[in-house]
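Peer 1: 1 is the number of the first residue of the sequence shown in the working numbering; add one for each residue after it.
Simulated from the structure, these hints should not be mistaken for lab results. Treat the hints loosely; a few may be bogus.
[Claimed, not checked] Using C-beta positions, here's what the derived DEER-type ranges look like: (1) E69 <-> V38: 44 to 52 Å; (2) H35 <-> E76: 27 to 35 Å; (3) E8 <-> A45: 50 to 58 Å; (4) K71 <-> F93: 30 to 38 Å.
Where is the CB? At the ideal position from N, CA and C, for every residue including glycine.
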Amino acid sequence: MTERTDQEKYFKACMDGMTQTIEAKMAAIMQENKHQSVEIGRLMAAVENWAPRCDERHGAMSTRLSEAERKLAEHERTIASVRTGLWGLLVAFFTGLAGYIGVWLWGK
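Let the hints inform the model, and build the full structure from the sequences given.
Peer 2: Okay, here's the thing in structure tokens:
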């Protein structure tokens, strides 16, 4: 009977030791999780603080990009107009030259 009681005491002591070890590990894990939760909270607050600034910067950059695209389209139209005008001048020059040569040849 004493042997059984000793075994039960030993088993109970082992179980208590394991329970205490598990509880200590769980407390350490919970403490680490709490620390990480606080860190995550800080990071989330930082993200929330920066989000409006990023939106403002994105809006400003988007406005600048739209303005640059508008200016680029305007320059492209100007270049196309100048190119058309130069072709017109070239055609007029050669037409005038051909007319001058024609009149010169006709007059001879």
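Peer 1: Each hint: holds or not?
Peer 2: Verification of the hints:
1. Remark: the range hint 44 to 52 Å for E69 to V38 is upheld by a beta-carbon distance near 45 Å.
2. Range check, H35 to E76: about 58 Å between beta-carbon atoms, so the 27 to 35 Å window is missed.
3. Separation of E8 from A45 is about 54 Å and conforms to the stated range, judged on CB atoms against 50 to 58 Å.
4. Taking the beta carbon of each, K71 and F93 are about 32 Å apart, inside 30 to 38 Å as hinted.
Going through the hint list in order, the structure does not satisfy hint 2, though it satisfies all others.
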